[in-house]
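Participant: With chain A fixed as given, assemble chain B with the ligand onto it according to the hints.
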Amino acid sequence: MTSGQPIVLGIETSCDETGIGIVQGHALLANEIATSVDEHARFGGVVPEIASRSHLEAIEPTLQRACRDAGITLDDVDAIAVTAGPGLVGSLIVGVATAKALAVALGVPIYGVNHLASHVVVDELQHGPLADPTIGLLVSGGHSSLLLVSDDVESIRPLGQTLDDAAGEAFDKVARLLGLPFPGGPWIDRVAREGDPSAIDFPRGLNNPGDRERYPYDFSFSGLKTAVARWVKAREAAGEAVPIADVAASVQEAIADVLTARTVAACRDHGVGEVVIGGGVAANSRLRAMAEARCDAAGLTLRVPRPDLCTDNGAMVAALGSRLVATGATPSPLDFATTSNLAVTRRSW
Amino acid sequence: MIIGIDTSTSLTSVALIDQDAQVVLELGHEDPRRHAEVIGTLLAEVIAAADSSAVSAIACGVGPGPYTGLRVGIAAAIALGAAWQRPVHGLCSQDALAAEVLSARPGAPVDVATDARRSEAYWASYDAGGVRVAGPRVRPVAELEGSVVRGQPTAAWVARCVHGLVVRGVAPLASDPPLDVHGQDTGATADALGGAGLLLPRPLYLRRPDATVPAGGAA
Ligand SMILES: [Zn+2]
Chain A
4 MTSGQPIVLG IETSCDETGI GIVQGHALLA NEIATSVDEH ARFGGVVPEI ASRSHLEAIE
64 PTLQRACRDA GITLDDVDAI AVTAGPGLVG SLIVGVATAK ALAVALGVPI YGVNHLASHV
124 VVDELQHGPL ADPTIGLLVS GGHSSLLLVS DDVESIRPLG QTLDDAAGEA FDKVARLLGL
184 PFPGGPWIDR VAREGDPSAI DFPRGLNNPG DRERYPYDFS FSGLKTAVAR WVKAREAAGE
244 AVPIADVAAS VQEAIADVLT ARTVAACRDH GVGEVVIGGG VAANSRLRAM AEARCDAAGL
304 TLRVPRPDLC TDNGAMVAAL GSRLVATGAT PSPLDFATTS NLAVTRRSW
Chain B
18 MIIGIDTSTS LTSVALIDQD AQVVLELGHE DPRRHAEVIG TLLAEVIAAA DSSAVSAIAC
78 GVGPGPYTGL RVGIAAAIAL GAAWQRPVHG LCSQDALAAE VLSARPGAPV DVATDARRSE
138 AYWASYDAGG VRVAGPRVRP VAELEGSVVR GQPTAAWVAR CVHGLVVRGV APLASDPPLD
198 VHGQDTGATA DALGGAGLLL PRPLYLRRPD ATVPAGGAA
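Order-wise, the sequence lines are chains A and B.
For the first sequence, our numbering begins at 4 and goes up steadily by one.
For the second sequence, our numbering begins at 18 and goes up steadily by one.
Bound conformation, chain A alone (with noise of 0.2 angstroms):
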């Protein structure tokens, strides 16, 4: 390999990827990754102990193929990032274990990383370093939040956050109500297009002017399911057909149309000019076009990395602790712990 900025590889195990990413400074020499999502498909949800038993089975030969595509030897790397939390603490526990080992037996440095910073960070790989500061707000199947990331990433603040169920979590618990497979969010994506978004007015969710006030930035969807659920329950008892397509377009209007408002409002309120999405459901084609649209009448800058960027990777990884080398950060202690609902403002332990 040549000289140049030091090799990171990140290893990401928090929930059903498994994922070993390479970066070198801002560039992306590799990013691996090997899913249990089919296994999981049957039970409707992620089955933590299916997803530990896939990292471990999946780690090396993700692994091996990472080192491959990015044409260098595990002699090459010069520091391990690997997910600290928040995830499921079995699954974390096997990327923690198997970065822990290969840092000492490669005598290089280790970085504990944050989950959630990496999926805003991860964006400098496709569009450069951040501004200072950015929002971002984080979408998937675990997590609904918006997040203020000034340039040290250390510091991280908290706005917002799902009171309940996350995103991806309604898309999923919509998709199963109208008979769709999981993971629910590219189905409803899909269905609604032939579908009316204005067909049904379904609740945004703290929207009333007490909760707005109490809860800025924050989300609800436990209630839209609610609402789904019945809606669909009232048609059937009627003995009419359900128009899904109307459903499916109509739900993702809600979920689309809350996320973009609280983020433009953190923006403006904030004084902040730029924003990443990240995470799983930033893929979804309505909320991509619904925050373009809403950013560019704000004069804010919308930053979404690419779909194999937005959902759970190695490379956001190692993007993070890329960023942690550049600025001197000091390593995680050997015996840094995993922790399921860490903190976002906490980089690790």
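FYI, nobody ran anything at the bench for these hints, they're computed from the structure.
Hints are supplied without guarantee of correctness; some may be wrong.
[As the list claims (entries may be wrong)] Stretch by stretch, here's where chain B covers chain A in the computed footprint (C-beta under 8 angstroms, at least three residues):
id, stretch
1, 63 to 72
2, 205 to 215
3, 218 to 228
4, 334 to 340
Quick caveat: nothing in here was measured; it's all calculated off a predicted structure.
For every residue, glycine included, the Cβ atom is placed at its ideal position computed from N, Cα and C.
Facilitator: Relative to chain A, chain B with the ligand alone:
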């Protein structure tokens, strides 16, 4: 030299043995919930005592044992093997315990058991020559007789067992034993395993995963 790792019980155990199977260094930490935290420090100390170019293989206990902790040691062993391009040998953790018991008390068959939590134990039975003749299986603790030796396998014992098998030229088992399909251990894994010694670095789960979806979803 062989580096041994075992996390099949509440003990996180790491050891280094030399070419004569003598223990150079053995470290352990007893805590059922902190395997992933302590493994790095323990490994760093053991590796500092080793000349990595002289390490010929990694040996790891593959259980059976409580899954979350068990995976920590196996993941670490796989990573060491990948980093140094050395073979990683799995060993049924109870084999290591039985071998120790037999070396102290040769000439008679022995049954051993390790803690499986919830009033259960991982049990296996060995003939006087140390060959596994039954198990490993999950059994209620109440079912175990007084003659069953209960204990904790250590990394040094695992490494020594693997060393013995390698020296004797025992061929490693090349594929995973199947799991039984009913969510209960009916002995299918143990039967498929036979008395085999060197295994792949894969956990001996003995059970299909509990397929319950958590209410909160995941990150
Ligand atoms: Zn994520």
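Participant: Checking against the hints above, which ones are violated?
Facilitator: Per hint list: 2, 3 violated.
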